[in-house]
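*Asks:* Listed here are the chains, written in short residue letters.
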Amino acid sequence: MSLVIRGGRVIDQKGERKIDVEIGDDGRIAAVGTGLSAEADLDASGCIVSPGFVDLHAHLRQPGQEEAETIETGARGGSLGGYTALVAMPNTEPATDSVAVVEQVRSLGRESMCEIVPSAAMTVERAGEDMAPMGELVDAGVGIFTDDGTGLQDPRLMRRIMEYSTGLTGRLGRPVILAQHCEVSALSAGGFMHEGEWSSRLGIPGQPAEAEELMVMRDIALVRLTGAHMHFQHLSTASSVAMVRGAKAAGLPVTAEATTHHFTLTDAACASYDPVFKVHPPLRTDEDVAAIKEGLADGTIDAVATDHAPHAPHVKERPFDEAPPGMLGLETAFSLTLTESGLDLPEVLAVLSWRPAAIAGLTDRHGIFVEPGAPANLCVIDPDETWTVSGAAMASRSLNTPYEGRSLRGRVRHTIRAGEPVVVDGEACR
Amino acid sequence: MSAAAEKETSDGTLEVADPGALGRHLLGIDGMDRSTLEDVLELTDAFAEIGRRPIPRVPALRGRTLATVFFENSTRTRMSFETAARRLSADTISFASGSSSLSKGESLRDTVEVVSSYGVDAMVVRHPMAGTAHRVAEWTDAAVVNAGDGCHEHPTQALLDCYTLRDHRGSLDGMRIAIVGDVRNSRVARSNVLAFNALGAEVVLVAPATLLPPGVGGWPVVVAHELDPLLADLDAIYLLRIQRERITEGLIPSIREFATDFGLTATRTAQLREDALILHPGPTNPGVEISGEAAADPRSVILDQVANGVSVRMAVLFLLLGSGRSASGDVGPVVDQVDREVKR
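Top to bottom, those sequences are chains A and B.
Quick note on numbering: the first sequence equals residues 155 to 584 in the numbering used here.
Quick note on numbering: the second sequence equals residues 49 to 392 in the numbering used here.
Incorrect hints may have been included.
[Said to hold, decoys possible] Calculated from the model, a selection of chain B residues having no Cβ within reach of chain A, i.e. all distances over 10 Å: (1) R101; (2) R110; (3) A144; (4) D158; (5) S165; (6) H182; (7) R183; (8) D189; (9) G198; (10) R235; (11) R238; (12) V270; (13) I303; (14) T315.
[What the hints assert, rightly or not] Anything over 10 Å on all C-beta distances counts as not near chain B; from chain A, calculated: (15) E221; (16) D308; (17) R313; (18) L356; (19) K447; (20) V469; (21) W541; (22) E581.
[Stated by the list, open to error] Chain A stretches covered by chain B per the calculated footprint, using a threshold of three residues with CB under 8 Å from any CB of chain B: (23) 278-289; (24) 344-352.
Just so you know, the hints here were simulated from the structure itself, not pulled from any lab data.
For glycine and all other residues, C-beta sits at the position ideal for the given N, C-alpha and C.
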């Protein structure tokens with residue numbers, strides 16, 4: 155069924171224009187302009203039409219932890235948040251370290267409301283000991299490798315993986331992306347929040363900012379040595395941002411993401427002792443939040459990611475040390491980036507859509523120019539609508555949003571995935 | 049004559065502190081002001097008097113049930129709370145689990161809701177992780193007393209320490225108190241820094257740099273890394289227990305080096321003032337943070353601390369459960385009963 159998105163302002167990499175968008179039966183944009191007609195209309199008056207968002211960092215928990223989330227529910231939440239593609243993290247059970255699990259994730263994703271892009275572990279079982287079959291995985295279409303959840307501790311193995319990845323560029327058709335969760339576990343072990351005045355006051359053992367920074371420093375040095383492309387996940391400290399800025403200035407092939415929680419919350423939130431505020435890397439200080447925003451403003455940080463990490467309610471009802479780290483993010487990311495990142499609207503869309511799409515190698519279909527012939531992966535957002543966050547109202551199987559009860563501005567109205575309206579007027583269509 | 053007894057009124061009853069002084073729970077010293085602390089200490093005098101009677105028992109909390117919920121072993125603290133409860137005629141039940149909820153597969157909330165279902169009026173919670181008592185308080189209608197949460201707080205310990213100091217000195221105002229040893233991992237130190245400060249004392253933390261909390265610069269204390277220059281100038285010295293794990297954690301090179309630099313040896317004890325007080329939360333490591341000579345010194349008030357612990361906990365339980373804080377909302381009779389039994 156063809157349809158016209160009518161009355162909105164399109165913003166993409168080419169800029170802003172007031173045009174309607176016609177989507178054909180083939181799932182592609184058929185025409186843009188005015189006076190378009192089709193079988194159905196989607197009202198976009200007062201709204202922005204943007205290329206759909208791409209999340210570089212989503213924990214969809216399947217296979218293995220379906221109690222917390224499934225690919226279906228995670229993708230539904232993604233659609234409601236304006237996402238048309240989600241990079242699925244490989245810390246599944248079993249870990250996504252083989253073509254078999256990659257194919258399982260991809261096949262479950264095919265039925266879902268977002269495009270699911272499986273990433274794979276750098277090491278077998280994410281154990282940090284032996285290299286995963288990267289060539290085989292690249293041949294299966296995997297372009298992002300990460301042991302996310304832990305950093306790869308062994309510098310020698312990291313160097314070898316970096317070197318090995320550079321030889322796979324031809325087979326993938328673009329450079330392989332290695333994505334690092336920077337955390338030196340010898341420094342972070344036994345710490346459950348940011349180490350500082352708050353951790354001392356609350357009596358919660360902390361982990362120092364340096365646990366992250368040492369690995370950022372190491373990997374920048376190894377990128378210089380090997381020429382591999384390193385993507386730094388969820389940067390959370392001022393010094394990490396400064397080091398990545400320096401690496402980019404030196405022309406090294408590095409990219410970086412920041413999560414919404416690392417520029418909207420601080421370690422003071424842990425004063426409630428509610429593990430909904432427990433996350434790795436931990437919530438940091440006001441100074442770190444300011445540095446993340448500066449990094450977003452000057453392009454040091456390429457993308458906003460969610461690190462969407464659902465956990466079943468009963469495991470978040472454990473004591474702070476025993477509760478697993480992580481928080482929901484897919485349905486709140488746009489509003490928080492719009493209102494708290496300090497970026498103007500086109501930049502908000504850039505860090506949520508086309509920049510992450512480029513890192514994930516998806517620019518043929520996500521983060522597109524809104525023009526005839528392009529695959530219709532779009533979202534329509536109302537920058538003025540306010541809404542109240544409720545974990546229970548979210549699509550996720552879990553409830554662990556740290557923004558419960560908060561009133562946010564900016565909401566996703568419609569999401570179109572491969573031409574299909576999957577979210578209409580803020581409601582998921584399936 | 050005790051301070052409380054001095055307030056005896058013409059009809060022979062005692063004026064006790066405002067029973068509402070603590071609010072619904074006792075989770076920490078953080079947030080308590082000087083007058084609240086003083087109210088609790090003043091009320092403790094009345095309960096200390098009960099403890100000295102031939103039959104140290106009053107019916108103030110008859111029919112109430114107190115549960116000790118301990119996720120970490122602490123025989124002394126549990127016995128102290130149970131003794132306090134029984135002297136007030138409350139019933140006690142206990143839940144003890146050395147293992148974490150993680151290994152049991154049950155969430156903390158499940159455990160709390162099960163214990164609540166026995167109809168308890170108060171839960172005394174001990175847990176190896178900070179903040180657990182705060183979480184428990186969100187999940188139960190019972191009054192919650194924090195009996196130690198990780199390296200966060202141990203408020204009744206601080207209250208009994210303040211009571212002990214006040215009992216010997218009349219007031220903490222202007223006292224210079226050194227807290228010595230593993231401050232970093234000590235809930236006792238955190239609670240005492242807050243309580244001693246609120247009551248007008250100056251606190252000096254004395255420890256190797258690795259045993260101080262990160263960010264201690266923001267605390268209302270003086271920090272020192274050497275004990276000897278301070279000894280002659282202290283009104284009280286408070287030794288903290290050191291655990292052997294601190295060596296494997298790389299925080300100190302050896303127990304011997306720690307004892308040499310920071311232990312209250314006989315030599316150091318001799319340098320203390322005549323009127324200085326020696327405190328320790330127990331159990332002690334003789335010869336490590338405190339020598340046998342120091343523990344046995346006439347200036348040591350370690351056993352007073354234990355005895356005062358029962359009186360302070362009686363006061364706390366009375367404040368939280370007495371004064372008509374029954375589930376039925378039946379205020380009058382309980383207050384009358386306390387008037388008869390406690391104020392007699």
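*Asks:* Take the hints in turn and mark each one as holding or not.
*Replies:* Consistency of the hints with the structure:
The Cβ of R101/B sits about 38 Å from the closest Cβ of chain A, beyond the 10 Å cut-off, so the non-interface label holds. The non-interface label for R110/B is consistent with chain A: the shortest C-beta to C-beta separation is roughly 34 Å, beyond 10 Å. Chain A leaves A144/B outside its interface by the beta-carbon criterion, the shortest separation being 16 Å against a cut-off of 10 Å. The beta carbon of D158/B sits about 7 Å from the closest Cβ of chain A, which is not more than 10 Å, so the claim that it is off the interface is violated.
With a closest Cβ-Cβ approach of about 16 Å to chain A, S165/B is found to remain outside the 10 Å limit, as its non-interface label requires. Listed as outside the interface, H182/B is inconsistent with that label: its C-beta sits roughly 5 Å from the nearest C-beta of chain A, within the 10 Å cut-off. Non-interface call for R183/B relative to chain A: violated, since the shortest CB-CB distance, roughly 6 Å, does not exceed 10 Å. In this structure D189/B is separated from chain A by more than 10 Å, as the shortest Cβ-Cβ distance comes to about 17 Å.
At roughly 5 Å from the closest C-beta of chain A, the C-beta of G198/B falls inside 10 Å, breaking its exclusion from the interface. Residue placement check: R235/B does not keep its beta carbon more than 10 Å from all beta carbons of chain A (closest about 6 Å). Here R238/B does not stay apart from chain A, with its beta-carbon only about 6 Å from theirs, under the 10 Å limit. No Cβ of chain A approaches the Cβ of V270/B within 10 Å, the least distance being about 16 Å, so the stated non-interface status holds.
A cut-off of 10 Å between C-beta atoms confirms that I303/B is not in contact with chain A; the least separation is 21 Å. Look at T315/B: its CB is around 32 Å from the nearest CB on chain A, clear of 10 Å, so calling it non-interface holds up. Look at E221/A: its CB is around 13 Å from the nearest CB on chain B, clear of 10 Å, so calling it non-interface holds up. Every Cβ of chain B is farther than 10 Å from the Cβ of D308/A; the closest lies at roughly 21 Å, confirming the non-interface assignment.
At roughly 27 Å, the least C-beta separation between R313/A and chain B is larger than 10 Å, which holds for a residue marked as non-interface. Remark: the non-interface label on L356/A conflicts with the geometry, its nearest Cβ contact in chain B lying 6 Å away (cut-off 10 Å). Annotated as non-interface, K447/A keeps its C-beta farther than 10 Å from every C-beta of chain B; the closest such distance is 24 Å. At the 10 Å boundary, the C-beta of V469/A falls inside the reach of chain B, the nearest C-beta of that chain being 7 Å off.
The claim that W541/A is not at the interface with chain B holds, since no C-beta of that chain comes within 10 Å of its own (minimum 26 Å). Separation of E581/A from chain B is adequate, the least Cβ-Cβ distance of about 32 Å exceeding the 10 Å criterion. Restraint check on the stretch 278-289 of chain A versus chain B: 0 residues with Cβ-Cβ distances below 8 Å, three needed, restraint violated. For the stretch 344-352 of chain A, the stated coverage by chain B is satisfied: 4 residues place a CB nearer than 8 Å to a CB of that chain, which reaches the threshold of 3.
Checked against the numbered hints above, the structure violates hints 4, 6, 7, 9, 10, 11, 18, 20, 23; every other hint is satisfied.
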